[in-house]
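Quick note on the numbering used here: the sequence shown kicks off at 1 and runs consecutively.
By construction, these hints were calculated from the structure, which means they are not laboratory data. The reader is advised that the hints may include incorrect statements.
[As the list claims (entries may be wrong)] If you anchor each label on the Cβ, the simulated ranges turn out as follows:
# : residue 1 : residue 2 : range
1 : 115       : 185       : 30 to 36 Å
2 : 86        : 43        : 22 to 28 Å
3 : 121       : 32        : 47 to 53 Å
Cβ coordinates follow ideal geometry from the N, Cα and C atoms, glycine included.
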Amino acid sequence: LRLDLPTTDGTLSLELERADPFTDDFSVVVASTGEAFAYDQGVHYRGVVAGDPNSLVSISIFKDEVMGFISQSDGDLTIGRLDGDMEGTHILYRTSDMHESPTNVCGTADDGHGYTAEDLTPTGDNRTVKCVRLYWEVNYDIFQGKGSVTAATNYVTGLFNQSSTLYNNDGISVTLSQVYVWDVA
């Protein structure tokens, strides 16, 4: 798929291929019933910016929303729906233009052990032969903020597509097997 996005710097052409970040038995379960929820998975893509083989793109398309990222050497772009906008307005912005950077809420202490250049140099095709199956839970506050099981699931599956794109770029295959949505406190 070739997707052209208008920007203030001109048209940005994305070369994308369809991604399937889900296991064959993927399901969405809601906490209130413990039962599977009928969910339309949307369409997920990953790829590059045309003419920039060092770029990375991840885009997810749902019935009422598009979300994703575009990473290039000159910076990162984010695309998504404006929170609270009832008309479904979307925005494409440079992450560096954010007035406030998100605070780091997770980290690991530096133990002083570093990597050598040899550790970081790929040799051949280092893709794993096994695929990691992941299960994600969606907190009640996300369910409330998004307003429905579908909207909350779209949000986390779009995030998962972005995450799996990054893992895929490093030769690690991951899939999402289940999303459990806390639709009750």
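Structure-based check of each hint:
1. 115 <-> 185: 30 to 36 Å: violated, 44 Å
2. 86 <-> 43: 22 to 28 Å: Holds, at about 24 Å.
3. 121 <-> 32: 47 to 53 Å: Holds, at about 50 Å.
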